[in-house]
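The chain contents come next:
Protein chains: 8
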Amino acid sequence: MAKDRWAVYLSGEIHSDWREQISSGVEKAGLPVDLTAPVTDHGASDECGIAILGPETTRAWTDHKGASVNAIRTRTLIEAADVVVVRFGDKYRQWNAAFDAGYASALGKPVITLHDDSIGHALKEVDAAALAVAESPDQVVRLLDYVITGRL
Amino acid sequence: MAKDRWAVYLSGEIHSDWREQISSGVEKAGLPVDLTAPVTDHGASDECGIAILGPETTRAWTDHKGASVNAIRTRTLIEAADVVVVRFGDKYRQWNAAFDAGYASALGKPVITLHDDSIGHALKEVDAAALAVAESPDQVVRLLDYVITGRL
Amino acid sequence: MAKDRWAVYLSGEIHSDWREQISSGVEKAGLPVDLTAPVTDHGASDECGIAILGPETTRAWTDHKGASVNAIRTRTLIEAADVVVVRFGDKYRQWNAAFDAGYASALGKPVITLHDDSIGHALKEVDAAALAVAESPDQVVRLLDYVITGRL
Amino acid sequence: MAKDRWAVYLSGEIHSDWREQISSGVEKAGLPVDLTAPVTDHGASDECGIAILGPETTRAWTDHKGASVNAIRTRTLIEAADVVVVRFGDKYRQWNAAFDAGYASALGKPVITLHDDSIGHALKEVDAAALAVAESPDQVVRLLDYVITGRL
Amino acid sequence: MAKDRWAVYLSGEIHSDWREQISSGVEKAGLPVDLTAPVTDHGASDECGIAILGPETTRAWTDHKGASVNAIRTRTLIEAADVVVVRFGDKYRQWNAAFDAGYASALGKPVITLHDDSIGHALKEVDAAALAVAESPDQVVRLLDYVITGRL
Amino acid sequence: MAKDRWAVYLSGEIHSDWREQISSGVEKAGLPVDLTAPVTDHGASDECGIAILGPETTRAWTDHKGASVNAIRTRTLIEAADVVVVRFGDKYRQWNAAFDAGYASALGKPVITLHDDSIGHALKEVDAAALAVAESPDQVVRLLDYVITGRL
Amino acid sequence: MAKDRWAVYLSGEIHSDWREQISSGVEKAGLPVDLTAPVTDHGASDECGIAILGPETTRAWTDHKGASVNAIRTRTLIEAADVVVVRFGDKYRQWNAAFDAGYASALGKPVITLHDDSIGHALKEVDAAALAVAESPDQVVRLLDYVITGRL
Amino acid sequence: MAKDRWAVYLSGEIHSDWREQISSGVEKAGLPVDLTAPVTDHGASDECGIAILGPETTRAWTDHKGASVNAIRTRTLIEAADVVVVRFGDKYRQWNAAFDAGYASALGKPVITLHDDSIGHALKEVDAAALAVAESPDQVVRLLDYVITGRL
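Residue numbers (our numbering), protein chains in the order written: chain B, 1 to 152; chain C, 1 to 152; chain H, 1 to 152; chain G, 1 to 152; chain A, 1 to 152; chain U, 1 to 152; chain W, 1 to 152; chain V, 1 to 152.
Treat the hints as calculated values from the structure; they're not laboratory data.
Backbone N, C-alpha and C fix where the C-beta goes; we use that ideal spot for every residue, glycine too.
Check before you lean on any hint, since a few could be wrong.
Pairwise CB distance ranges (calculated) [claimed, not checked]: (1) V/15 with G/47: 39 to 47 Å; (2) V/149 with B/29: 55 to 63 Å; (3) A/118 with G/17: 54 to 62 Å.
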């Protein structure tokens, strides 16, 4: 009594290997999960707009072009996701992660947040909109395992 | 002139073998049906939140964590369903079953209820929102058979 | 530059062989079309409710039960359709066909009506909501052929 | 504990005074109801397209223009309605009434049908999608009275 | 910096005076709240279908008629509500209350549940879908007061 | 040729007087704008959950309760807004502001961001989803003035 | 049996007085219509972005800023409209008018196009999505009059 | 971490080989993209209505029939698309391209426009609703490549 495949979008922090941990955990557990993610190469993600569509002379329009191109990917993948995991690290502002959480939430997607308890107070509105608040990639894998197979 | 596969979500009572009866009936009839269901292991369903995300000291938060984790599964499967069957037994409050019926109904999903006639009065609002009120798993199988193949 | 498969729901009249004509036309043209339809066995369609869910003593509830069961099929298939064809014959009231046209129309589905010109005035509101008004099954096949392949 | 005003759209038959009966019943009961309706002058309804937008040489395009203009009114009023009442008389095909019922139903509007029991079998799919099947305008008034005020 | 009026629907138990308590609390606090509710006269609510639309010979159809008529009111008021409060008492099954909670939840309405802690475990799925779990009408009033005015 | 009133939600930073500046600017310009906002009393916003619904022993559940109660207000006001202004200051993480921007964006609401250019790179995804990026409350007032009256 | 007020958005050409003609026609006829429109001062519409949010060094970003600011107005008013009238003149490309027609059409708004027959072929896809194709402002007024009052 | 297939609809100009360039570029890059498009045979596209459904005596109805038939294809493919590319050439009015852009935009589809910078001012509203503005088919291919694979 199971769904064939689950699409899980991994939003947020790009400076640690949490996506790889989830990926290998999901593989090890043999879960029917298709992981998707934003472009995680920081440089490419920043440069994509001007690299493809031509240079800009200001930071603002360079960013605007790049962020808009990335949005083609991220919005499509979030809308196609069954579950959205949003990771907050301890560095950087990561407003795009919180934006994705709000976006996914308004679409009615189940959201799982992943962050250290130490930043929990600052994330209280985001966590309150999530169906699970995890502290480790391993917990996310176990959540997916339970949610999909019923195994604890 | 038929649809390839039908996704049917089986919500509600977890203390009898009605899902297995529907499953074997569907298989015997050779219907192109993919059955889905909540986690039906009562213990796992109650413990999943604290087992994966860490212990709580109160009943309320243990329940909140667990029910939220289960909601990742149930909401996803209800939204993916073509038809939602909701079973009410003669024991327990089963408010989650009625909740699922309301949730599916607001999404415009065809709902089939399954219960003894003896509790029909208490279920009148739920039944009125259903497209069929069955009393046995066999009737549900025959409904699916007719709805999918046209066979009576 | 084409879509893999098109789901086409054939609503309405069940007393002539128009569905078979469309089906063989679609097959002859080799179109990637999956045809769906309501249960077209008039007796089964009338009796399904009481046959499966138990007898009634009035015409009204017999009809209510049957029509509700049929709605599990028709609503699911209309929502899954890319295109809805609605056929009106020269006999009977066929209010269910007009109901389906309104239902499909509100969902934003492209509607093709199929009927003799002689009943066109009575169908003017339905036709005005359609993207094509055909008079023969062959025209419907040619519409589907053109819409899908671009062939005239 | 009440809603300020209820918008009720009266669709269907235009050859008897059922709308006036509901209107005077609603007024007599002092209900906070705003009744709306299609244009009920048959001639105007048929001619509006060509009268305003210029003549046509065929029945089909005269009808298409007129029905499209009327749809500006009817779709707007149905979408603005809290409740949709659909009346079927014993004459004419009234496919537009059944179309409206399907349209309102797909939008999730509560539908009340109003017709003689004698045509109930032909209307079974429409009635099955309705929340109440009335036989007289007085019953519709009493339904609105109960639904709005709780008075029986 | 405030919204003019808030529409709050009070669903559930009809055997205690919790609605009156909320109503007088809201009035005392001078909140710009419009309270709505189902018909709370148990007899009227059970009889409305047959009283208006004619008698039935079975319990099931009596209930079906009545529950459908009540649904005209409840669905309209839930869709018009900004906030939905759902009360569970200690008696009866109250499946309609849980149904309303699921329905409101799928529509994205903020839900407040109101019940004794003693039945919290049975209500865990419903509570997990709520934004606040209150134990007394006074808490509901204070929630509305805070949510609307920011007063604590 | 104008809309009667515009509802504008002011999300984000609560440690400077930007809302008051917009409010007095809007008043001075005589704009038909109804401003709404989250509860901006930091203490009340943090304590509301436990103050009304009872104490918690952990930071996490205190936050969860409070953030959920605040969400009753914020989601309702965002859904009721014509335009959403989101302010990012130079202190704190302000993930709730980014969350609101994502939420409003997924609902199709026009978003205006308000922040110093110095944090523009970190906000590039949020800004790319906005229809205007302002640096001062005065610019927001002038945007509203232009958008509503056409005055430059 | 009428709706209180109708909101009608007038999109498109800004170089002739067609909006004024409709406005005075509507006033003369005493119709309960609230007309809305984009900013029709060409200079203001082009300059609004840089005038409020600061200068740009390229045509492209000047346009982007301005068009985005105008979109705050136009999208809000189109979503608030009951009916959208789109006027195409014989000069300029007017792609924004066609864009608005597509936007309104996807939202399910009734669209009336207004243009000379001489450009009808180029507008055939837009006209096919409209419920009425008018050639003069007077016809638009008469359409509104008929649609709202039933007068021919 | 990728989506299986991307559906990309290519709307607009039919007088140059831009679609073939994108198609061969996508193939060369080995992208998992399914390209769809309107019927690009100008004659067929103009004649389809009367060729299949019978002749008309006026240009207007010939166009209406044809454009409506084409809409069965275009609306279905736009709704099925993940990304919509809209090409504007330097000839003809191409209002249908702008209409498609508005339609796709209201559905929340990511839009990429493709046109020479020389017509950018006239397209400013359309470009402002797009997530990328390209000048060459090669740029579109590189956008798709980056969006799907993350390669720059």
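Hints and how they fare:
Separated by about 42 Å at the C-beta atoms, residue 15 of chain V and residue 47 of chain G satisfy the suggested range of 39 to 47 Å. Taking the beta carbon of each, residue 149 of chain V and residue 29 of chain B are about 26 Å apart, not inside 55 to 63 Å as hinted. Distance hint for residue 118 of chain A and residue 17 of chain G: a CB-CB separation of about 58 Å, consistent with the stated range 54 to 62 Å.
Of the hints listed earlier, the one the structure fails to meet is number 2.
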